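Required output: the full structure, derived from the provided sequences and hints.
Chains A and B are the protein sequences, given in the same order. Quick note on the working numbering: the first sequence kicks off at 1 and runs consecutively. Quick note on the working numbering: the second sequence kicks off at 1 and runs consecutively.
Where chains are identical, the list cannot tell them apart; a pair therefore holds if satisfied intra-copy or between any two copies.
Pairs of lysine-lysine, DSSO-like flavour, derived with a Cα cap of 27 Å:
1. Lys200 <-> Lys180
2. Lys34 <-> Lys61
3. Lys150 <-> Lys191
4. Lys288 <-> Lys354
5. Lys227 <-> Lys191
6. Lys288 <-> Lys266
7. Lys75 <-> Lys358
8. Lys180 <-> Lys208
9. Lys419 <-> Lys288
10. Lys227 <-> Lys266
11. Lys61 <-> Lys50
12. Lys50 <-> Lys358
13. Lys34 <-> Lys201
No lab work stands behind these hints, which were simulated from the structure alone. In this text the structure is predicted, and so the values were computed from the model without any measurement.
There are 2 protein chains.
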Amino acid sequence: MQVDEKRFEELHFEELNDLVENKKFSVLRQEIQKYPVQDIADFIDELDEKQALIVFRLLPKEIAADAFAYLSVEKQTEIINLVNEEELSRILDDLYFDDKIDFIEEMPAYLVKRILKNTNEMERRLINQFLKYPDSSAGSLMTIEYVDLKKELLVRDALDYVRRTAPDKETIYTCYVIDKARHLEGTLSLKDLVLASEDKKIADIMQKDVLFAYTHDDQEDVANLFKKYDLLALPVVDNEQRLVGIITIDDIIDVIEEEATEDILKMAAVRPTEEEYIQAGTFKLARKRIIWLMVLMISATFTGYIIRGFSATLESVVILAAYIPMLMDTGGNAGAQASTLVIRSIVLGEVTFKDTFKVIWKELRVSILVGATLALFNFFRILILDSVGIDVALTVAITLMLTVILAKLLGGMLPIIAKKLKLDPAIMASPLITTIVDAFSLIIYFYLATLIINIPNLAG
Amino acid sequence: MQVDEKRFEELHFEELNDLVENKKFSVLRQEIQKYPVQDIADFIDELDEKQALIVFRLLPKEIAADAFAYLSVEKQTEIINLVNEEELSRILDDLYFDDKIDFIEEMPAYLVKRILKNTNEMERRLINQFLKYPDSSAGSLMTIEYVDLKKELLVRDALDYVRRTAPDKETIYTCYVIDKARHLEGTLSLKDLVLASEDKKIADIMQKDVLFAYTHDDQEDVANLFKKYDLLALPVVDNEQRLVGIITIDDIIDVIEEEATEDILKMAAVRPTEEEYIQAGTFKLARKRIIWLMVLMISATFTGYIIRGFSATLESVVILAAYIPMLMDTGGNAGAQASTLVIRSIVLGEVTFKDTFKVIWKELRVSILVGATLALFNFFRILILDSVGIDVALTVAITLMLTVILAKLLGGMLPIIAKKLKLDPAIMASPLITTIVDAFSLIIYFYLATLIINIPNLAG
Chain A
1 MQVDEKRFEE
11 LHFEELNDLV
21 ENKKFSVLRQ
31 EIQKYPVQDI
41 ADFIDELDEK
51 QALIVFRLLP
61 KEIAADAFAY
71 LSVEKQTEII
81 NLVNEEELSR
91 ILDDLYFDDK
101 IDFIEEMPAY
111 LVKRILKNTN
121 EMERRLINQF
131 LKYPDSSAGS
141 LMTIEYVDLK
151 KELLVRDALD
161 YVRRTAPDKE
171 TIYTCYVIDK
181 ARHLEGTLSL
191 KDLVLASEDK
201 KIADIMQKDV
211 LFAYTHDDQE
221 DVANLFKKYD
231 LLALPVVDNE
241 QRLVGIITID
251 DIIDVIEEEA
261 TEDILKMAAV
271 RPTEEEYIQA
281 GTFKLARKRI
291 IWLMVLMISA
301 TFTGYIIRGF
311 SATLESVVIL
321 AAYIPMLMDT
331 GGNAGAQAST
341 LVIRSIVLGE
351 VTFKDTFKVI
361 WKELRVSILV
371 GATLALFNFF
381 RILILDSVGI
391 DVALTVAITL
401 MLTVILAKLL
411 GGMLPIIAKK
421 LKLDPAIMAS
431 PLITTIVDAF
441 SLIIYFYLAT
451 LIINIPNLAG
Chain B
1 MQVDEKRFEE
11 LHFEELNDLV
21 ENKKFSVLRQ
31 EIQKYPVQDI
41 ADFIDELDEK
51 QALIVFRLLP
61 KEIAADAFAY
71 LSVEKQTEII
81 NLVNEEELSR
91 ILDDLYFDDK
101 IDFIEEMPAY
111 LVKRILKNTN
121 EMERRLINQF
131 LKYPDSSAGS
141 LMTIEYVDLK
151 KELLVRDALD
161 YVRRTAPDKE
171 TIYTCYVIDK
181 ARHLEGTLSL
191 KDLVLASEDK
201 KIADIMQKDV
211 LFAYTHDDQE
221 DVANLFKKYD
231 LLALPVVDNE
241 QRLVGIITID
251 DIIDVIEEEA
261 TEDILKMAAV
271 RPTEEEYIQA
281 GTFKLARKRI
291 IWLMVLMISA
301 TFTGYIIRGF
311 SATLESVVIL
321 AAYIPMLMDT
331 GGNAGAQAST
341 LVIRSIVLGE
351 VTFKDTFKVI
361 WKELRVSILV
371 GATLALFNFF
381 RILILDSVGI
391 DVALTVAITL
401 MLTVILAKLL
411 GGMLPIIAKK
421 LKLDPAIMAS
431 PLITTIVDAF
441 SLIIYFYLAT
451 LIINIPNLAG
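In structure tokens form, the structure reads like this:
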């Protein structure tokens, strides 16, 4: 099987589809097992309600729950609605605990009730506890399927214990060493356990300086720990330092992606949603967009007042209006380039407050270079193609140059200042920078115009 | 140690610094070993050249190379320049192979020569082969430290082999099963190996349907495989299906972050660079920005021609110019919101070409809702605050509504069309959408003005 998954799916899903259409279920049962559970889920997602249930029921017990965890929320809901209580509790039993929590969080209330009825008292209590961890907290990412070792164990017995209990655990590559009160004492990689001589004590070979997170830690901080220390898993403790769960790298990859999406949306003045775009409702999408549009629209009206203030100038040299879009757009784009680079560098930890002057100095040089090039090009383009006076061309060119410099300086500085003020630097992205630069750019433009252009009836 | 790494570093690095200042090197040697290698590297990065070398030489052999791999390129260069040949070859010997390749790629040419002189003939050949894999290919991400098992081995002997060879391997959690000609035959997780009965044959317990990548596969496709199948490592084969290396999850996390950065920069019309912002040169930064600025500036001049075309209208009702910035900015922002959401959804695989009509329908409804609200708000604001006629207020309000609808439809559709045409959807981000929407918005504006406003001397 190859990286080009698209091709893979197109080639083989057709065969599976034929088997479904022709009701060759025993062949299908054989064939479908050859696929990874993620692909099985993709396949079932594309089927209609009845076919989906038939194919799901064909899956061997070992993979049914795994495949279920990868189904879309819609398909999960459909299947849960159709199965009887016995099937439901079998699915629930086989789901990994963190998948179970994710699944319950997405289900409508009437199904959550039915689901909780089908779990035993102890698990129900645990589920309720996990559902209480706030979104984006370390607690909400945890799983409880990990191997814990009492620190008094011998390597021999520990290996035996791992062998016996491992099939139920999500990861056994790191074991977590605890004392009698479940306080986290250390970790032991399976590698070290396998390599250790059999009669040593766990406490003597464990890693004592352990990285961990508290349940209330923010998921972005947790992700940063994984990135910095190349972790595969991280133990999570409660306020009394008792081990309550672990976070595994696959969930962290989702967090990294989620955080990048959040940044990207914020930079486009959209407030992020939890759902995928295609599933979000119209009113919700509208609400997430309108507030920033309104704020930016109102600030843009100030730019309008500047134009009104110079309406005498504009009335005498109406051609000036023709260059407003070009000046505004270029200023906005130049500012967006600088602010985006700096915002991303702040997020990745490459730029901090102490770099402020480095950033200003860099943006100043870059903007003079870029601004001068664009201004020169424009001066001659306007003069040659637009048949306007040299005074108008000069006004536009100088304004363009100053606009680019201003845009890049503001774009470079404002995100750093926002960060220093404990604001999210992403708000200082393109839309806000554009609005600010627009206003300054137009003031420069009309002021230069009154200086350079011989305006006939300014007083009139 | 806790998630809040900032606090951690500030608290303890001071102590280490004191030890360096007071030349208490034997205490320092003891203390520094308690830190993860990543923190040791951070600490050394902050020291000056001489102190850095002293502290680096204090590090025990087992962690020196690991810490070295995490140093900044500047500090690596400084240290390599100061050490003698013997030390150099010791560092090189202890580096993991993929770290060695990364390191050599960053070094200046004269140091690369010295480094290659200090590696043996066989490794030199291997290094040269790895340096040839193109950037962003699977080959460039590979490491050669993995456990390969011949398929005829018994579990007992395999476990023994893993125990003996594992200390040199980067990951032993997945073993790769090969035949005599090194063709990839299957994989075996350490978990399954540990859990298997000892007299079974590897070939009988291995996983046969193996996901793999070719050396020439793109790193983004490889990252998508890791994400979809929750992989920790992926084998890489050459064109003859022979196993040549593996890619581990820690390098994939860097790829995911790199690709997100690339997307973000492209969406702000900056061509991505390899280096960090703070290290990139002025001319390079200017070059990466000026091309798009130029393209966008030239397209914005067309908007200028539209204004020129309506200069008679503008001359009679000069107040119209005052609302141009607000209309342009709001149109640009509304388009940016839609295009950013859709571009990100395309990247994450949530939206594909078959969703085109769903996207159009969604954006249409959202834009009518958003556009109508903004238009209504503006109509009354203008009428009450700006003391203009109802005709001007109506023109502005209707234009605003139509602009928002147009912007959101274009912002939603163009990225999907770009993707279909095999272009990068990210080029259809804010800057280009803004320019396109601006032009249409102004045409609507002036056309509506001539329709609605009783313009006194249009013919004049």
